[in-house]
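Enquirer: This is what each chain is made of:
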Amino acid sequence: MSHPVDQAKNAEKFVADTVHESHLDKVLWMSRMNRDAAAREVPEWEDLRTLASEIKEHTLSNLADYLTQFEAKAIANGMIVHWARDAHEHNQIVYDILAEQGADTLVKSKSMLTEECELRPFLERRGIRVTETDLGERIQQLDNQPPGHIIGPAIHKTTKDVALLFSQKYGSDPKNEDPAYLAMAMRENTRPDILTAPAGMTGANFVIAETGAIVVATNEGNADLCAHTPPVHICSVGIEKIIPTTESLAVFIRLLTRSAGLGLITQYTSMFRGPRKGATMHVILVDNGRSARLGMKRFWHSLKCIRCSACMNTCPVFRRSGGLSYGSTYMGPIGIIMMPTFEIRKYSELPFSSTLNGSCTNVCPVKIDIHEQIYAWREVMEENDQIQVVKKEAMKVADKVLSHPALYQIATATLSTALEVLPHFAVYNRLNAWGKHRDVPEAARETFHEWYRKHRVETSEVVAS
Amino acid sequence: MNSTQALLRNTILESVRANQPAASPMPAISHFSTNQPADLVATFSKSLARMAGVVVDEDVPDLDAFVRRQFPEAKVICSAVPECEGTIKPASLKNWSEASTIDVCVLRSPMGVAETGSVLLSDIELQVHTIGFLAHDLVVLLDPKQIVSNIHDAYEHPYFKLRPYSLLMTGPSGSGDISGIVVHPAQAAKTLTVVFLPSPKGGQRTG
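Chains as they are written, first to last, in this note's numbering: chain A, 14 to 478; chain B, 15 to 221.
This is chain A alone, in the form it adopts within the complex (with noise of 0.2 Å):
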């Protein structure tokens, strides 16, 4: 059985590494302040997220029939279409075709599909070298990380990390932090791969019911480079990312980008609907537990995610702690909400994660009401017998004084005098994780029920004169 990850702990080197933990909140911080902009710019905004919101969940809903709609019109395009319950099953079929075409070597784009899968090592172990294209990408595969965010994988490291890590990769200028320098340093060394690998992988952001198209929005070209110069182009869709229509199409792309904070539109907004010409373009529609959280109740609504960013660009708790600390493929607040459905037990800490203070749900263009869902997993950790034995006692007694008015009152009128008499080690211990990284607050010298009670009485004399 897995060890629970426990994100908390895992921050701890982050944070006290003020150096990073600075730099990623800016930068994240940076991309949700682009992301209101751009929303502001769009009158319609909120109708699109509606919009968005409702055609997921006509097509969740009718999934099935736009599956097999997809299937049918894919295969007369002339792609070949597979189909994989789960990751071993996926990345078995990617070594199939691999293996079929005597392949050595693999040029990708970004796809935290693949990531889920961990086809990689897969496809490592039995041989195959894999070249991930995206710079991003690229800077973690190099540095044999993980992706630490779903947009911007190595967003955590700063031009320092990269030019020292690129320099002792490829030789370049260790003192070089250019981010321009860098980025071509990378396109130099993966131009090559791109140019002689016999096969290429993407993932898709969308797939069309009514066309069988596949769509992939990159920045950087490299998803069209890897899935147009080999002559083989694999790409891995989950079942999740159908949409029914093109008009459908113009609702999620306008929201996309702009949500992620990255300007108006990917660079490279491509729909794939077949091979090119003297090339074979095969599809692999992956479930690996989609079909499984469609049927639960609470949680089938995170199916309808697009991969933006925007909730752990906004998340005081990402942007401080950084995706690693998750220890999952998907991090930050849809992290949170995804990950208990692939394992329960791994990921049963991740709900605490949150201060459910609800800024990721305002900003999901495809409205998921995130922090609800992340106190209802909550609900089931506890129901499940998920949680520590700490958290545990702790929300017990919380429990017992929230639902007692007399109790709180007591409790919150008590906590300033307490707070001023209390040894340090009784407030800061294992008890009080709020407290590990940082100061607890001075208490206010008058509680709201105090306040409110002295203003009400006031009130009502204005009122009463």
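If you're looking for bench data, these hints aren't it; they were derived computationally from the structure.
It should be emphasised that the depicted structure is a prediction, and the values quoted were computed from it without experimental measurement.
For glycine and all other residues, C-beta sits at the position ideal for the given N, C-alpha and C.
Take the hints with a grain of salt, since some may be wrong.
[What the hints assert, rightly or not] Once the Cα atoms are required to be at most 25 Å apart in a straight line, the calculated DSS-like pairs of lysine-lysine come out as:
{"hint": "1", "chain 1": "A", "residue 1": "K290", "chain 2": "B", "residue 2": "K103"}
{"hint": "2", "chain 1": "A", "residue 1": "K26", "chain 2": "A", "residue 2": "K173"}
{"hint": "3", "chain 1": "B", "residue 1": "K175", "chain 2": "A", "residue 2": "K86"}
{"hint": "4", "chain 1": "B", "residue 1": "K108", "chain 2": "A", "residue 2": "K290"}
{"hint": "5", "chain 1": "A", "residue 1": "K290", "chain 2": "B", "residue 2": "K175"}
[To be verified] So the derived list for chain B, only partly shown, Cβ under 10 Å to chain A, looks like this:
{"hint": "6", "residue": "S17"}
{"hint": "7", "residue": "T25"}
{"hint": "8", "residue": "P39"}
{"hint": "9", "residue": "N49"}
{"hint": "10", "residue": "S61"}
{"hint": "11", "residue": "I102"}
{"hint": "12", "residue": "G146"}
{"hint": "13", "residue": "H166"}
{"hint": "14", "residue": "R177"}
{"hint": "15", "residue": "T184"}
{"hint": "16", "residue": "G188"}
{"hint": "17", "residue": "S189"}
{"hint": "18", "residue": "L211"}
[Claimed, not checked] Beyond 12 Å from chain B on every Cβ pair, some chain A residues (computed):
{"hint": "19", "residue": "P17"}
{"hint": "20", "residue": "K22"}
{"hint": "21", "residue": "D99"}
{"hint": "22", "residue": "A112"}
{"hint": "23", "residue": "E137"}
{"hint": "24", "residue": "I141"}
{"hint": "25", "residue": "G184"}
{"hint": "26", "residue": "A389"}
Please arrange chain B on chain A, whose structure you already have, making use of the hints.
Expert: This is chain B only, laid out in the frame that chain A set:
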């Protein structure tokens, strides 16, 4: 499909059917026409500039001379348009990776999108798809009359339902993966220059 694949397919579909929630309706999708910009050309130019593309709105009587002037170091100029001679044509490329030898590629787009500054390209214009990605610099001709307002209107173009490959290209290749600082290029073209030039087909939507 072999029997194993059929089994996997049916297992997944059965599981989906058993688990999918009660059907909800498909909403009607508005094109939000009332929010459209008054000046499509100006909006297109502004949007493309935000995405690091360059718009040339001056008269370009000699496209070959223009390309030589803009890219004086260029040796291999691949032209996929009749308005420019260039030094090679896409058809001369023996394999698709050979496009990496191209310095400048000249194409014509049948549609621009004001909202985003995107230009539409497909297998028809590119002929060899990789020329749009492996070439160092791109020059794209666009008839200003073929600019549509927004992405809803753009996806009405018949290419998206008919062509095996189509894309909305918006600016040169870029990445913000290192510290969130956007740089150009990443893996594909270093620059994208859009030249407003009326279409020989008379400015009507093509495709």
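Enquirer: So, against the hints stated earlier in the document, which numbers end up violated here?
Expert: 6, 11, 18, 21
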